[in-house]
Each structure stands twice: as structure tokens, then as C-alpha cells.
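Working from the sequences, and respecting the hints, build out all of it.
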Amino acid sequence: MNILRLDINGLLDCLSSWAGGQELYGPVKDGWRRISRDGLEAVVSIPPGAPKAPIKTFFLAQPETLFTFSARHGDDDAWIPTPPKEAPNRRVLFGVRPCDARSIALNSMPYRDDPYYQARMDKTAVVGLSCNETCSTCFCKSVGGSPYGTEGLDILLTKADGGFIAEVLTSKGEGLLEKGTGTPAGDGDMARLKALRDAAQAGTSDTQALSASFKAKNLMQLYNARLWQGLSEPCLNCGACTFLCPTCYCFDIQDEVVRQAGRRIRYWDSCMFPLFTLHASGHNPRGEKIKRVRNRFMHKLKYFTERFGALSCVGCGRCIRECPVNIDIREVIRDLLSVE
Amino acid sequence: MSDTNAKITEEIRAKARELLSSGEIAAFLGFTSGSLPMTTRPFVAKRPGDADKLIWNSFCVMNLANYLPALLESLEPPRGPKDPPPAGPLPKVGVVATGCCSRNIVVQMQERQVDRSRLVILGVSSRGMVDRKKVMAAAEGREPLKVEEGGHTLKVSGRDYELEIDRWSAVRDNCLTCAHNNPVISDYLIGPVSNRDVKDRFAQIEAIEAMPANARWKWFTDEIASCIRCYACRNACPLCYCPTCFVDDSRPQWVGKSTEPADTALFHILRAFHCAGRCTDCGACESACPMGIKMRLFTRKLSKDAFNLFGAEAGLDPQAQPPLATYRPDDPEEFLIVEEKK
Ligand code: SF4
Ligand code: SF4
Ligand code: SF4
Ligand code: SF4
Ligand code: SF4
Chain A
213 MNILRLDING LLDCLSSWAG GQELYGPVKD GWRRISRDGL EAVVSIPPGA
263 PKAPIKTFFL AQPETLFTFS ARHGDDDAWI PTPPKEAPNR RVLFGVRPCD
313 ARSIALNSMP YRDDPYYQAR MDKTAVVGLS CNETCSTCFC KSVGGSPYGT
363 EGLDILLTKA DGGFIAEVLT SKGEGLLEKG TGTPAGDGDM ARLKALRDAA
413 QAGTSDTQAL SASFKAKNLM QLYNARLWQG LSEPCLNCGA CTFLCPTCYC
463 FDIQDEVVRQ AGRRIRYWDS CMFPLFTLHA SGHNPRGEKI KRVRNRFMHK
513 LKYFTERFGA LSCVGCGRCI RECPVNIDIR EVIRDLLSVE
Chain B
295 MSDTNAKITE EIRAKARELL SSGEIAAFLG FTSGSLPMTT RPFVAKRPGD
345 ADKLIWNSFC VMNLANYLPA LLESLEPPRG PKDPPPAGPL PKVGVVATGC
395 CSRNIVVQMQ ERQVDRSRLV ILGVSSRGMV DRKKVMAAAE GREPLKVEEG
445 GHTLKVSGRD YELEIDRWSA VRDNCLTCAH NNPVISDYLI GPVSNRDVKD
495 RFAQIEAIEA MPANARWKWF TDEIASCIRC YACRNACPLC YCPTCFVDDS
545 RPQWVGKSTE PADTALFHIL RAFHCAGRCT DCGACESACP MGIKMRLFTR
595 KLSKDAFNLF GAEAGLDPQA QPPLATYRPD DPEEFLIVEE KK
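Protein chains in written order, with the working numbering: chain A, 213 to 552; chain B, 295 to 636.
Note that these hints are calculated values from the structure, not bench results. It is possible that part of the hints are untrue.
Using C-beta positions, here's what the derived DEER-type ranges look like [stated by the list, open to error]:
hint, chain 1, residue 1, chain 2, residue 2, range
1, A, E345, B, E628, 57 to 67 angstroms
2, B, M505, A, A299, 36 to 46 angstroms
3, B, W513, A, R302, 57 to 67 angstroms
4, B, S329, A, T382, 30 to 40 angstroms
5, A, G374, B, D516, 37 to 47 angstroms
6, A, E345, B, D494, 34 to 44 angstroms
7, A, K297, B, I563, 49 to 59 angstroms
8, A, A299, B, A619, 49 to 59 angstroms
9, B, R545, A, A299, 26 to 36 angstroms
10, B, A619, A, R302, 32 to 42 angstroms
11, A, A299, B, P363, 43 to 53 angstroms
Below are the DSS-like pairs computed for lysine-lysine, each with C-alpha atoms no more than 27 angstroms apart in a straight line [what the hints assert, rightly or not]:
hint, chain 1, residue 1, chain 2, residue 2
12, B, K428, A, K264
13, B, K440, A, K241
14, A, K264, A, K241
15, B, K588, B, K427
A virtual CB, placed ideally from N, CA and C, is assigned to each residue, including glycine.
And the structure:
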């Protein structure tokens, strides 16, 4: 791993070359926007916390065209799937918070063999910005991450002493930097970085503790816990929490035909919607709200954890901030851990 | 907490406790406090002791009528889909209702979604609920860690700032133009009655109507551009109770499922029209939206039309027919395009 020191002009030069050579995206206000060469200032000062729009938009396109087909009966290739023509462009995501970066790594476990997700991963370089300041809803440290975490990133930038310390983490990260960018970081920079990391971690002895606790819990006891009733009562069963959540990755598939040109699309779905589990027979195994609310939390905290070893939550706090009825996953975690 | 809120909270708790203790109601639907500043949670109290968790403040923005049909049903003895309803009175529910919420209950009565005899309504006059997005905007991106409500002010503070804003400046757009802030039906009235009066109740809509067509279309498409199709607006609305919504249907697929602009636009236009003549402008849809989309203006336009064309205002009289479910020979029909026979 290569560690560099960059001043603000050095960073602006990098951004400028990325904006010119490929597509550059960064958080502007609540969303992820394409950044052009004359809009670079907008992304160098980013408010604390994760932006409202989730990073998953770049990997789980809304919608993803799986293939196209002709729906014209006379055509030779009628109804024969053709792979989508447009390949994803090369792009750099800048200003990604460590929690969001971690979500990319977590999601790529269930999507390991998914060519669409992986093609988007291949084309994307992720440049992170660590969190010298956090929000009251941030809890990355309790779920296995860190405000200075590097998982899922190609480069991590940390603001320090009027400039940036850049940790170049992967060969893709190396490839982003032109020769002669920045200066090698000195011992002082390394010490500074370590001090920031240690300070952020102070008080949290073991960031894997929560996933271990959930793995140790009895599944049926959690499933049958009494708390689901009261917890689900106010829930609107909307998609605000799951659609904004970076680690929610469920989808549905539909065929759309417009003027005899067909496409099969994959688009976001949510376990909070009744349709999610509706069978063709009319039976719905999660027909009641309580079962859907339970599934969202059980999937994040128990099922995913057992299967992939980490919680499917990176602690970004979006669901807490944006739920219209303030269902707070931190309270759910606390209450579930006390289930005997 | 402001004195008025504290008093209303006390009265709601006392009444809920009394109704639950006496067995008159089986459940009481109100609000409890949330985990972040400016948030509240709809809350069902089932035991007299739960009543102490009930609260009242300017952030009670969800419409409780939305929960009533399901809550009432959950209290009925279980029965099969073909079994007749049980004989004798069914358990009752107590509910806190402001002007708009009480009007939504009236709409639900008109549309046979709730049975008035099973409700005990605690009416509260609304002083105008506060829009937390407006408060956030006033804090200019700094996170509010504490928000204290005074009589006419909001004290907002965070890590390194403190700010006092005029409460009225942060009141929700729908409350600013509300002409029915006192409950239209109730069994008990709680707190002071409001004598607020509005003159320009459709001014927001008139401003949009005055735009040239292409500017109006741009306004509309810009407004919904960030929609994520989460349906929080639909699900927060007490008017939306269809077992399968048109957006969820896949055979036929009325509306495309992704967030491509045409699909999103169609969703919003159709949703608004389904609420025409029924919407009480409670603003729950707008308060629920995570993306800050002002979709309430679409339904407001239709309320204006229903009012101007048919003299109809939703949810004022349980006996009245909803305007789109009835016909009068003198109904205006200027929107019909009639070609003269030569
Ligand atoms: S959750 Fe952690 S990584 Fe994410 S924005 Fe907050 S402090 Fe940063
Ligand atoms: S938890 Fe909140 S955001 Fe999620 S579905 Fe329920 S009401 Fe919507
Ligand atoms: S569950 Fe909530 S806090 Fe966790 S990753 Fe998803 S949105 Fe963020
Ligand atoms: S459309 Fe919006 S304002 Fe109208 S009744 Fe429904 S939630 Fe209330
Ligand atoms: S709540 Fe907002 S983001 Fe969600 S569907 Fe409605 S308008 Fe779109």
C-alpha cells in the first residue's frame, strides 16, 4: 500500500483528470451527481455523514436491462434474448464515506456470480473520504466498520493538517493516480493517521462483537420474540428504509414491451411490500405487516450474518433519519439482543 | 415543551387512561416520542399504563386515520373470509384527531372503511404542524441535535450552534393554507379551539397555474425527478386502501416499475387523480417523503377544482356523497370538448 500527501490543488488536479478521462460522480446536496471539470469545488467540501441517496444506484441500476428482444411475430429473431448493447462506462466515485464503501463489498458477496453487478464493479473506482466528523445517527463502529475504514475502497482520503493523506489501497487505485501526484507521506502523517484511527475506535473494543452476538442467538427465539408486534405497528410498509439503505439489494423482474420492442428489466424491490412474496396461487407467506417488518431486520441481523459472516448493515443511519415513523434500527438491535 | 402542548399531552393521557381502564375502548391510537429531534411515532396503547407514553407536539405529522381500518379489524374476533360478522358490538378504538385527520375519518365513513360507532375521537385543534425539512433548511446543513418548542418559537441547537426560529416560518405548507384546523367530528375536545383564518387558500396552486404550459411541465418533472418510488406518500395516506394498488399490478402492467421519468410521472399523476375530491390536504404524504418532493401540490390542485367546480370539500359531512361518486344535472362540464354539428 502506498501512502501519499496531497494538498488541495493536488486533489483538484486529480479530480480534473478523472472528470475529463472518465465519468466522475460525487455527493452534491442529497444525491450523487455527475461532476464536470468546472464543478469540482462542489465535491471537495462534503457535509458529515452519508448523503441521502445510496451508493448502490451505481451497482444495482434502477432499472438494469438484462436483455432486449423483439416482440414482432414476423421478425426472425422474435422473442430471442439479445444482451444489452450498452456496457457501463468507466467511472470514479468520489467522496464515498467508509460505510457506503463497505456496503459495496458486502453486497458483492450475494452478487458474486452476477455478471451485471460485477461488470459495474469492474468499471468503477471508489475514492473514499474518511469522517473526521460524524452524525448522531452514524453507528458504523458498532456494526464492524470505522469512520476511517478502507473496505471496498480503492483510495481513502483523510483530511489532515490543511491537506489530505491518501491511502492508495488497490492497483485500481494506483492506476487512478498519475506519476508524480502528491508526495510520499512522512512519519508524521502516518502517526497522525494512526492517532485518528485509534481515537475513533476508542471505547469500542471489538467491532465484530455484534455479528458474533447475533450469530450466537437462537434463530427461532428471535423470530418468535414478542417485540415484533409493537415494533411493526407504526410501520407504513413503504420502501423508504430499504430503497435508501445501501445494503438492501433485493430486486424484481418485469418484461416491458413498447411498440413491439421488448426488454427484461431488473429493478429494486423491497421486502416491506406485500407483493414481494405474493405467490401465483394468491397465497402470501408474508401477508401481514408484522412478518414483513420482521424479515427486514432478521435478514440484516441474522440471516445475512449467518451466511456471509457480517451484518447486512453498515450503520450509515439513513433508515433512521428518513423513516416517516422513526423506526430506529439501533433500538431494534438493542431490543433483540436482550431477547432470551 | 410549550405549555399548550404539555396541557394537551396531559389531557390526552388522562382521557386515554380513563377509556382504557373503564374498558370502553380496547386500544388507543396516538403518538409517542421518536429517537431523533422532530420525530414522533404513531403508537397504540392497549393498557392504561401505556397512556403515559402518549405525547402531543408540533411534529405529530402522520395521519392517524391511516391506521384505523387495520387496527379496528385486528381487534375483531378472528373469522374466515366467508363467515358473517359477529353479532353484538365490536371492540372500540380511541384516536386523537386534528381537523384534517377528523376529515379523513369522515371520508372513511363515507367510503365504508370505518364504523363511527366503534370510534371514540379526541379532537385537537391544530396550531399548524411543523415541517422538519424547513427546520433543517434553517439550520443550513448543520445537524439539529435538540429542538425545543416554545409558544411561538423553535430553539434549534447542534454541536456548535444555537438558533431560534419563528415557529410559523417552519409550519408545513398544507397547514399554512388549512381552513379546517378544528376537528369536524369528535367525542371529546382537547385543548383550545383555533380561530385561525386563511384567505388565500389556493394561492400556491394559482401561482403554478399562472405558469406557461412548458414552464409548468418543467416544474412538474423537476419536482418528481428525485422520486425513488418508495411509495411512502401513498402508504402514509388514509385514502389509499386498495388491496392491490394500480402501480403494483403486473397483469396488466398499468405503470412501468422503474424510476424512468415517464413511469414516475405516470405514478404521480394517477395517484393524485385517485385522491380527487377525497384529499383533505393533511400533508402526511409530503411529510412522509424521504426525498422532499412536494407531491401534495398535485392533490391540492384537484381539491381546488373540486371546490370551484362542485363546491365540494372533502370530509366535512358524513352524510354527503363524495363529488366524484355522484351526479347533478347542473354539474359544470366546461372541460367537455363538444364539436358543433354542421
Ligand atoms: S456511519 Fe461511519 S463511515 Fe458512515 S458517514 Fe457516519 S461516521 Fe462516516
Ligand atoms: S420502517 Fe419506516 S421507512 Fe421502513 S417501511 Fe416502515 S415506515 Fe417505511
Ligand atoms: S439498515 Fe439503515 S443504518 Fe443499516 S445500512 Fe441500511 S440504511 Fe444504513
Ligand atoms: S393525498 Fe396526501 S394530503 Fe391528501 S389525504 Fe392523502 S396523505 Fe393527506
Ligand atoms: S414518498 Fe417521495 S420518493 Fe417515495 S414515492 Fe412518494 S414522492 Fe416518490
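Going through the hints against the structure:
no. : hint                                  : result
1   : A:E345 <-> B:E628: 57 to 67 angstroms : 58 angstroms, holds
2   : B:M505 <-> A:A299: 36 to 46 angstroms : 41 angstroms, holds
3   : B:W513 <-> A:R302: 57 to 67 angstroms : 35 angstroms, violated
4   : B:S329 <-> A:T382: 30 to 40 angstroms : 37 angstroms, holds
5   : A:G374 <-> B:D516: 37 to 47 angstroms : 38 angstroms, holds
6   : A:E345 <-> B:D494: 34 to 44 angstroms : 43 angstroms, holds
7   : A:K297 <-> B:I563: 49 to 59 angstroms : 31 angstroms, violated
8   : A:A299 <-> B:A619: 49 to 59 angstroms : 53 angstroms, holds
9   : B:R545 <-> A:A299: 26 to 36 angstroms : 32 angstroms, holds
10  : B:A619 <-> A:R302: 32 to 42 angstroms : 56 angstroms, violated
11  : A:A299 <-> B:P363: 43 to 53 angstroms : 49 angstroms, holds
12  : B:K428 <-> A:K264                     : 16 angstroms, holds
13  : B:K440 <-> A:K241                     : 22 angstroms, holds
14  : A:K264 <-> A:K241                     : 8 angstroms, holds
15  : B:K588 <-> B:K427                     : 11 angstroms, holds
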